[in-house]
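S.K.: Sequence:
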Amino acid sequence: MAPAIVLITGANGGIGKGLLETYLAKPNHPVSAAIRDPNHSTSMALADLPRGEGSSLIVIKLIATLESGAVKAVKELEPRGVVDHLDIVVCNAGVSYKWPRACEVKIEDFHGHVVPDVYGLL
13 MAPAIVLITG ANGGIGKGLL ETYLAKPNHP VSAAIRDPNH STSMALADLP
63 RGEGSSLIVI KLIATLESGA VKAVKELEPR GVVDHLDIVV CNAGVSYKWP
113 RACEVKIEDF HGHVVPDVYG LL
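For the sequence shown, the working numbering begins at 13 and goes up steadily by one.
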């Protein structure tokens, strides 16, 4: 069976980490975890996750708040020679840094959430 090449953003916690664990446990699944800070302890701990036969993990940096973030992340994969295409992309990265009442939401704060949460990997 040909390997399913997977990219998961926001893969060091929550749903993203759960999906990462699921795909890594399957055989023949090269998985890339795109994470804001690959040096964070939660990111470093991903190296210890169990893997199915033929599965592998690459951790790359993705700053979803930057328009160039996705391009930079893909360029980080290219020299490693493991990705010429992606079969599965899970866009899970997001931010949440303001929690006002709905009537107090400022457009710039709303925009600060929409950019990475909606457009981050486009």
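Simulated from the structure, these hints should not be mistaken for laboratory data.
Don't take each hint at face value.
[What the hints assert, rightly or not] With a straight-line Cα cutoff of 20 Å, these simulated EDC-like cross-link-like pairs (lysine to aspartate or glutamate) come out: (1) K110 / E120; (2) K110 / D99; (3) K73 / D49; (4) K84 / D49; (5) K84 / D96; (6) K38 / E120; (7) K29 / D49.
S.K.: For which of the previously enumerated hints does the structure constitute a violation, in increasing order of number?
M.R.: Going through the list in order, the structure violates hints 2, 6 and respects the others.
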